[in-house]
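The primary structure of each chain is shown beneath.
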Amino acid sequence: AQSVSQHNHHVILSEAASLELGCNYSYGGTVNLFWYVQYPGQHLQLLLKYFSGDPLVKGIKGFEAEFIKSKFSFNLRKPSVQWSDTAEYFCAVNARAAGNKLTFGGGTRVLVKP
Amino acid sequence: DTGVSQDPRHKITKRGQNVTFRCDPISEHNRLYWYRQTLGQGPEFLTYFQNEAQLEKSRLLSDRFSAERPKGSFSTLEIQRTEQGDSAMYLCASSRGESETDTQYFGPGTRLTVL
Chain Y
1 AQSVSQHNHH VILSEAASLE LGCNYSYGGT VNLFWYVQYP GQHLQLLLKY FSGDPLVKGI
61 KGFEAEFIKS KFSFNLRKPS VQWSDTAEYF CAVNARAAGN KLTFGGGTRV LVKP
Chain F
1 DTGVSQDPRH KITKRGQNVT FRCDPISEHN RLYWYRQTLG QGPEFLTYFQ NEAQLEKSRL
61 LSDRFSAERP KGSFSTLEIQ RTEQGDSAMY LCASSRGESE TDTQYFGPGT RLTVL
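Sequence order for the protein chains is Y and F.
The first sequence begins at 1 in our numbering and counts up one residue at a time.
The second sequence begins at 1 in our numbering and counts up one residue at a time.
It is worth saying that the hints were derived from the structure and are not from the lab.
Model, not experiment: these values are computed from the prediction.
Yeah, the Cβ is synthetic: ideal placement off N, Cα and C, and Gly gets one too.
Mixed in with the good hints, there may be bad ones.
[Claimed, not checked] Counterexamples of contact, computed for chain Y against chain F with all Cβ distances above 10 Å:
| hint | residue |
| --- | --- |
| 1 | I12 |
| 2 | E15 |
| 3 | A17 |
| 4 | N32 |
| 5 | G62 |
| 6 | E64 |
| 7 | G106 |
[Claimed, not checked] Here are a few chain Y residues that face chain F, going by a calculated C-beta distance under 7 Å:
| hint | residue |
| --- | --- |
| 8 | Y39 |
| 9 | H43 |
| 10 | L46 |
| 11 | L48 |
| 12 | F51 |
| 13 | F90 |
| 14 | R96 |
| 15 | N100 |
| 16 | K101 |
| 17 | G105 |
| 18 | G107 |
Could you build all of it, start to finish, from the sequences and the hints given here?
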């Protein structure tokens with residue numbers, strides 16, 4: 001069975017700082033990788049996803065993530081955060097041999113101070 | 001708004017009661033998923049449907065839980081004889097169902113509190 005771990009539970013940043021959130025997964029086969037975001041009071045929405053091709057994936061709102069297969073990692077980055085990036089971020093994986101179900105990490109709460 | 005909708009948004013019940021939640025997916029989305037999220041955790045997969053067929057159930061889905069999608073459109077999740085450990089946010093998601101890379105679109109969730 002696959003599993004996902006997110007290294008930081010809470011991150012506090014000032015505006016304009018750079019953000020990097022770690023995500024590692026455990027699964028021996030081929031996977032699709034996702035980052036979802038949940039803004040305060042809103043539902044989960046997709047930031048970006050990777051399934052093949054260029055391992056550097058660009059998503060909405062200036063976010064990007066890099067898939068490093070050798071490290072089983074899919075870290076999320078943003079060069080300069082804004083107050084509106086305050087949210088909870090979830091990394092998720094689905095294993096291609098195991099259907100469509102998503103396995104999520106525990107989430108990282110990001111607070112951006114104005 | 002043509003996103004995934006869930007009803008009710010909040011449900012408070014006493015231990016031992018039965019509850020039923022409804023999910024309306026995005027129109028023409030063939031796949032529908034149920035997840036459960038407890039405080040401080042990420043969502044956990046419960047079950048999913050391809051049209052009206054329930055294709056997979058997690059071992060988290062005990063015998064007290066049942067899900068249906070009778071006409072391949074909306075779905076219901078019923079919990080019988082609720083326990084305090086059932087308190088959680090129940091999330092529904094839908095996707096086109098054409099590929100495993102399809103985006104799953106999530107609804108706002110139903111927050112269940114069992115007293």
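Comparing the hints with the structure gives:
no. : hint : verdict
1   : I12  : 17 Å, holds
2   : E15  : 26 Å, holds
3   : A17  : 24 Å, holds
4   : N32  : 5 Å, violated
5   : G62  : 19 Å, holds
6   : E64  : 17 Å, holds
7   : G106 : 5 Å, violated
8   : Y39  : 12 Å, violated
9   : H43  : 5 Å, holds
10  : L46  : 5 Å, holds
11  : L48  : 10 Å, violated
12  : F51  : 4 Å, holds
13  : F90  : 5 Å, holds
14  : R96  : 6 Å, holds
15  : N100 : 5 Å, holds
16  : K101 : 4 Å, holds
17  : G105 : 5 Å, holds
18  : G107 : 5 Å, holds
Checked against the numbered hints given earlier, this structure breaks hints 4, 7, 8, 11; the rest are met.
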